[in-house]
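Chains as they are written, first to last, in the numbering used here: chain E, 1 to 694; chain V, 1 to 189.
Any given hint could turn out to be false.
Claimed, not checked - Heads up, simulated DSS-like pairs for lysine-lysine below, C-alpha to C-alpha not over 25 Å straight-line:
1. E:Lys162 / V:Lys44
2. V:Lys180 / E:Lys164
3. E:Lys164 / V:Lys174
4. E:Lys2 / E:Lys500
5. E:Lys601 / V:Lys41
6. E:Lys519 / E:Lys53
7. V:Lys144 / V:Lys180
8. V:Lys174 / V:Lys44
Everything labelled a hint here was simulated from the structure, so no lab data went into it.
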Amino acid sequence: MKLHYNICPRNCYDTCSIVSTTRNGVLISVEGNPLHEYTSGKLCPKALDDVKKVYSPQRIRYPMRQRGRYSGFWERISWDDALDQIAKKILGLKEQYGTSLPLALNKYSGNFGILHNAMEGLLTGIGATTRAVGSPCWSAGVDAQTLDFGSFFCSDPLDMAKAKLIWLWGVNPAWTAVHQMPIIFDAIDHGARVVCFDTHFSATAARAHQYIQVHPGTDGLLALGFAKVLLKESLIDPNLQSYTLGHKEFIHYLETEISLERCSEVTGVPITTIRELAVEYGQTHPACIWAGFGLQRYTNGGQTLRAIDALGALAGHLGEQGGGVQYAQFETWRFSGAIQNPSHPINSSSKANQTSINSLTLNPQKTDRCLNINQFSEEALVCTDPPVKMLWISGRNPLSQDGNLQQWKKLINQLDLVVVNDLFHTKSSEAADLFLPVTTHYEHWDLNAGYWHYWVGVNEPAILPVGEARSDLQIAWDVSSRLNTLAPGSCTFPTSGNEKETLLRELSPKMLELLGLEKPEDILKGPIRAKFPRTSWKNRTFATPSGRYEFFSTQAANAHLAPLPIFVPPLAPSTNTPLRLLTPHHYSTINSQVYTLDTNKTQYVLHLSPELAQRYCLVSGDRAQIWNELGVLNVIIEPEFGFSTDVVVIFQEQFDANSPLNCLLGTPSTDMGHLFLGARGFALNETFVNLKKL
Amino acid sequence: MAKQLGFVLDANCCLGCGACVKACQNHHQLAPSVSWRQIRKVEKLSNNHVQKFYLSTACNHCGNPECLRVCPSGAYAKRRDGIVLHRSEKCTGCKSCVASCPFGAPQFDPTNKASKCQLCYDRLDLGMPPVCVQACLTGALVLKELDNISENQLLRLTAPRPSLRLTRPSVFYKLPRATKLSNPNQIMD
């Protein structure tokens, strides 16, 4: 029996440290690492199924070619054959168009390991290419917090245990960040009160002292309403003058533009509750707000986060131990980016001080053609000089997750070659020509950082690759090798290498300093926590241009955004589509990632309030249909306590259904995301549908 | 010395996440149709409050086990630490226990025999906790020697029919506090 250290590479708050056990080269069990203070020896139910997932009979073990897209007629081919087809297509396109721009990459967080950025590196090595930029997840909030604080940072999640009041705002850790729950319970045991704000009564709300139901997309106004009460009750921090910018302008805005009556009417929260909660928030120190990602998936998402930040600042909770406004962070992602920049080998002396958060934001080269990841198909279709002709999908499943499926289908039709790297067949591979089987994190080296906690660590392989699976890095080396064999000098990405050495090169001097390590090899001993103090912005020196917390942001004004956090209403339903559809994460999965292989659910479950169900003459178990101008979806009705009458909810569970959930999604954009992440975010929660009984 | 081991669940901390269920299924390599541990959702609404919680339950290792009483082939035994053992080598698959357990603990396996939670006695004998307890992320589920716990604020889980309280299930739970609703009209509608 052997033990190995792995890191769960999913796009999840927890980024767990895993101890895996092998016997005779076979993975037999996985457990949480007890030496990792956040994982604390425990794993979520998703990761507990990893052994089954690694050896799943449904996993694709060999390169495959599909004879006719969507035909499902896949045949096994050799890696040689697959690499040949890919390399020849790339070289052919380059010759035909005189540029490699017809080659497009659509990659995101299927595996957040740093070595997976080899895909970007490969394309950079080929030349200028077309890239998906931005993030489908958190963009508006990242921009908002960066405008306010100057950089994207949060406290160590263990700091929350010190809070006396915790507001869980639009976040459902009982399902999506389970390791935070013991920390919250610890705070409760020490006398903290927990209030949960959400659009529906979540599993987290059920564990809170109080639940506040907020009309979707109006959280920003609620924050401004609270701020107004703080002002009236003289509960604002008397020291604002010394560390913030523009608090007078903000107060003027509150005085002239915000009325509690309207706030209550729009948000659905009674005035008395707004007053009570605001006073408690103003009087309790430390008080922590955890703002979730769902909050900002609206057309006003950035403003919502800015308003919540401003509320925290006004009450003097920023920099307070156990307080603050927590969202997520980039600061532990300062890797060298060597893997993405093959033509510019890392020069440690010149890049040492450069803030390279490339590894997370995936900033492409200047010459690349950048398309918003959330409007990829639309933007790719209007590219004509040259058109997009080859698409490589890696760590993503856009045909199951992106909006505007019609445009996606149209884009697929114009492509000469679609390549998918994945573990299992997906909605996206249905449209692919080639399927390249990749390794799981138990089969390759990698380097991972959390975006919530401060831990960074190495993922070591526990077993040999299953079947003929190869890591993304190996695939990138192999493609580069084939390109250079067919046309010497056609790709500057390395043609071979060592995974372990490649990951060590990602530990820039800056990163070593953050981790308190002398040399890169030291990280091989086990995961390590970056040496930041537990409380973010503790000395109240901010990274903004003014060095202060910015209620008033000139950077925002320069980007044609309101300089102050303001309330902009979310989109409103129309008479044809009167119900807002929310599609939050389920505890059993993250987006379309495969966890439960033995799912027998074939129909989406539509959760709604009993009153709304009654209005449509529906009872539990009824078959119904939701639709809008983009698509139609059959659902099973489940009336449930805790939903308001203007929303219907489908949790993203794994369904073996023919029609994908995203057939109802358009591509509405958030107000921010383009300032620091390169593209606006996905205002996913601005989706409206109609409902009828079948 | 005879004692009685049993599960104690703090419903304030149970997230209903199912890590205990998965850990049990994986460790014991149960068939997909079998689950020795289950999560039940309980929801109670009152004026301005809602009490919504989860009960993670398995075999209750009763003080007076009905399964043991009805089994015609003597497949059940009670250990001195209180664990109710099912010995599959003696099981004939007659389903008497499946039908008689008031908590539905024994399940009929694809192997045509009954099976149920054995409280990971092999692990306990090595000084390790049951896998469900080990997996619980919040420490909501623990194993205790029931004779030694103070029953203050703890409720005994009872079967729906009063007559079946006679089995004396060895399980306790701590009732969760309720969540206050601030806009109940809107939510309760």
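Next on the checklist: Hinted pair, alpha-carbon criterion (25 Å max): Lys2 of chain E, Lys500 of chain E. Please report holds or violated.
Outcome noted: holds (19 Å)
Next on the checklist: For a C-alpha distance cap of 25 Å, please report whether Lys162 of chain E and Lys44 of chain V respect it.
Outcome noted: With a Cα-Cα distance of about 31 Å, the restraint between Lys162 of chain E and Lys44 of chain V is violated, given a limit of 25 Å.
Checklist entry - Is it true that the CA of Lys180 of chain V sits at most 25 Å from the CA of Lys164 of chain E? => result Since the Cα atoms of Lys180 of chain V and Lys164 of chain E sit roughly 18 Å apart, the hinted pair holds (cutoff 25 Å).
Checklist entry - Is Lys601 of chain E close enough to Lys41 of chain V, meaning Cα to Cα at most 25 Å? => result holds (19 Å)
Checklist entry - CA of Lys144 of chain V to CA of Lys180 of chain V, is that 25 Å or under? => result Violated, at about 32 Å.
Next on the checklist: Holds or violated: Lys164 of chain E and Lys174 of chain V, Cα atoms, limit 25 Å.
Outcome noted: holds (24 Å)
Next on the checklist: Lys519 of chain E and Lys53 of chain E were given as a pair; does the straight-line alpha-carbon distance stay at or below 25 Å?
Outcome noted: Given that 25 Å is the threshold and the Cα spacing comes to 35 Å, the pair is violated.
Next on the checklist: Need the status of pair Lys174 of chain V, Lys44 of chain V: alpha-carbon distance at most 25 Å?
Outcome noted: holds (16 Å)
In summary, the numbered hints that this structure violates are 1, 6, 7.
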